[in-house]
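Okay, here's what each chain looks like letter by letter:
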Amino acid sequence: MKKALLLLLVIALLPAGALAQDMPHAGAEVVTTFMQSGTYDVGAEQLEPGFEEMTGIELEIVASPFVVLVQNHITDLATGTGEFDVISGDFWIGSVWDQMHPLDDLIERDMWEANIIPGLMLPGPSGYFDGKRIGIPYSADAYGLIYRTDIFEEAGISADWETWDEFFEALDALETHLEGTDIAPNVFAFGAYEQTPAIFLGMYDGYLVDAEGNYALDHDKAVAALNQMKSLLDYNPEGATGLSIDEANSVFLTGKAATMICWVSFVRADAQNPDASLVVDNWATAPFPGPGFPFLSAWNMFISGYSENPDAAWEWIKHYINEEEAKRRFVELGVGSPFLSTYEDPELIEQYGHDFPNMVYNLNRAESVPWIFAAFEIFFRHMGEFVVGAVDVETMLANTLADWSELEVPEGLVQSAAAQGQMQEG
Amino acid sequence: MSRFSGAKRAHSSWHRRHDLPWLVLFVIPAFVIVVAVQFYPLAYSAFLSVQDWVLTESQVPKGFVGLDNFAKELSDEIFRRSVRNSVLITAGALVLEMFLGVCLAYLTMGSSWRMRSIRTLLILPMVIAPVAAGTLWRILLNSRAGLVNHLLSYIGIKGPEWLASPDWAIVSVILLDTWQWTPFVLLVVGAAIASIPDDLLEVAAIDGASRWKTFLYVELPLLMPLLLLTLVFRMLESLLSLDSIYSLTNGGPGFSTYTLTYYIYTLGLRSFDFGGAAASSWLFMIFATFSIGLVFWYQRKDW
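Sequences listed follow chains A and B, in order.
Residue 242 in numbering that gives the first Met the number 0 sits at position 243 of the first sequence; the count goes up by one each step and never skips.
Residue 146 in numbering that gives the first Met the number 0 sits at position 147 of the second sequence; the count goes up by one each step and never skips.
Be aware that one or more of the hints could be misleading.
Claimed, not checked - Simulated restraints on C-beta separations:
| # | chain 1 | residue 1 | chain 2 | residue 2 | range |
| --- | --- | --- | --- | --- | --- |
| 1 | B | Gly292 | A | Glu424 | 51 to 59 angstroms |
| 2 | A | Glu28 | B | Ser57 | 25 to 33 angstroms |
| 3 | A | Ser36 | B | Ala45 | 34 to 42 angstroms |
| 4 | A | Met53 | B | Phe38 | 48 to 56 angstroms |
As the list claims (entries may be wrong) - Derived lysine-lysine pairs resembling DSSO-like cross-links, with alpha carbons at most 27 angstroms apart:
| # | chain 1 | residue 1 | chain 2 | residue 2 |
| --- | --- | --- | --- | --- |
| 5 | A | Lys229 | A | Lys255 |
| 6 | A | Lys229 | B | Lys157 |
| 7 | A | Lys317 | A | Lys131 |
| 8 | B | Lys71 | B | Lys61 |
| 9 | B | Lys157 | A | Lys255 |
Hints listed in this document are in silico derivations from the structure and should not be mistaken for laboratory results.
A virtual CB, placed ideally from N, CA and C, is assigned to each residue, including glycine.
Can you make the complete structure from the sequences, with help from the hints?
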């Protein structure tokens, strides 16, 4: 009788044992955050039911507008609240990178590999703290430059510039070619002043953090870059200082500009949509000029150091960041993929041949910045004053440096600046 | 004094003594809630205002700094500019709102269905969420494709860069505030006009007073206490305005449309400088209290 009961017990427990083996984290709860953008968050919502069924982990997706997202993360991690397990972020939350869970052991344990664009796996684009990986990029977009292939062909200009000086030569040639038309040589969303640092960073090749670890700029190089940036207005349509991102995109899509400096992912889908664009098949992505770098937007996934379920959180990261999903999100939602395979996919190359080669080139050169949100805001606000002519370049720089002197550069971002060569030598 | 009134007083005194514990008991919950909801945050912000605490640098306040935060804010150029902008926007909007509100109230007097319909239409802007109103005006004021510049072009005027010029951006904020809140003045003044006794107006008419003199010497003095109260309400609302500026100009270009509220918001919730934000909030409170006190002082005048 006893033996029979024991046998029954074993039989009864077998499925539970198998379940425990298949679903080691069943019942765990993971709270994951995303920016509310209709892209990254929607991609996560699409995966949620399958992930929960496969792992038994209860997933809660918290999507918030960008500014709220930053506030939530900083207050959550700085106060040790531990509300979120998996955190979406970038350099904006560099001040709390020391509160993140290192991922190296988890990666090694699971022998997790990802064919991510090499440049994106380096410190800066990827979250690192004290030499340990804390973040993995799940999206990638580099500031880019797109141009009208038909106009360039007519004018006999090739888009093979390497420097801004060469790009300005092309703009001069375009200006001559387009004389008498209502097409501007260039358009940029100067009215979205938080975007202006992207051009500055492309034109500036000095340090962003001084040797003592404070926010700083190389004066002469900064002045040259700022003046060059402002001279771009001469090639823009009238009223460019008031253009938002959507308005600048619209200028290009309606054929009223020969080149545009932009986030390519914001315009890619519309540019190829005949209902939204007059330039279908007549545009391509060009190399982003130097000597600076293309500004990188690479959302990373981090695990909070206060997470009670870091293993379950890691399961979600692996589920969300993989080649197949990145390709799907690229195709369906327009999210820039960090995976090399997306840009090597024959089917996609056929569709995006005008875009991919220079997109990958730009992504490989792209860098993150060591600015916390306050540092970024100080810079773009003062830059806005300069762009609309309220202050001269020297005043703008002096004001920026004065305001920056009140801020501390978080250790994680000092390390990021050092790793990317953005720190003053000496 | 009658025996009856003496007995009544003794009775009510007994009641007061007898009811006192019950009164205290009933008042305590409300008192606790008021203290918790109102005084605790105030006291905590007063504590923060004398602390050095930037959340991105430290999890807890770094220590007591006396009045340093106040001194720092008062010497900060952006803070001072925010105060200037707040004064400019509030004063500009208030003048326009009070003037237009009173004019519209007189123009739409009456209880015919036509007047009631017009009044209903006129108060619509007030019921739109400020964020939505800001976004709407952002589109209207777009210098390239906005309706405002398009209409101006019909009469041969080249519209300005409303949101890209520091000066015009301030004008845009004033316009938005005026558009949205003039209906409030219209509503209040309209109700006040309707409550003026007809006798007074008839006496003025019998005395041969012109319409203008009747308004100036009869109606305006009667309306004045309510106008001043409306002014206080609007002043506070305008000073506290954040969401409409956020969606219309986002404080820009540069710092051009930073108001005190916007400045405190960026300092506290974007830069996480809790000490500085708390000190600025107290300075804001002092500034607002002084401004409102000035209006109340003026209200004491016998109109």
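Results for each hint:
1. Gly292/B - Glu424/A: 51 to 59 angstroms: Given range 51 to 59 angstroms: holds, Cβ gap about 58 angstroms.
2. Glu28/A - Ser57/B: 25 to 33 angstroms: holds (30 angstroms)
3. Ser36/A - Ala45/B: 34 to 42 angstroms: Hint holds: Cβ distance 39 angstroms, inside 34 to 42 angstroms.
4. Met53/A - Phe38/B: 48 to 56 angstroms: About 52 angstroms separates the Cβ atoms of Met53/A and Phe38/B, which means 48 to 56 angstroms holds.
5. Lys229/A - Lys255/A: At roughly 20 angstroms apart (the allowed maximum being 27 angstroms), Lys255/A and Lys229/A satisfy the hint.
6. Lys229/A - Lys157/B: Holds - the C-alpha atoms of Lys157/B and Lys229/A are around 24 angstroms apart, at most 27 angstroms.
7. Lys317/A - Lys131/A: holds (18 angstroms)
8. Lys71/B - Lys61/B: holds (17 angstroms)
9. Lys157/B - Lys255/A: The given pair, whose Cα atoms are some 21 angstroms apart, holds under the 27 angstroms limit.
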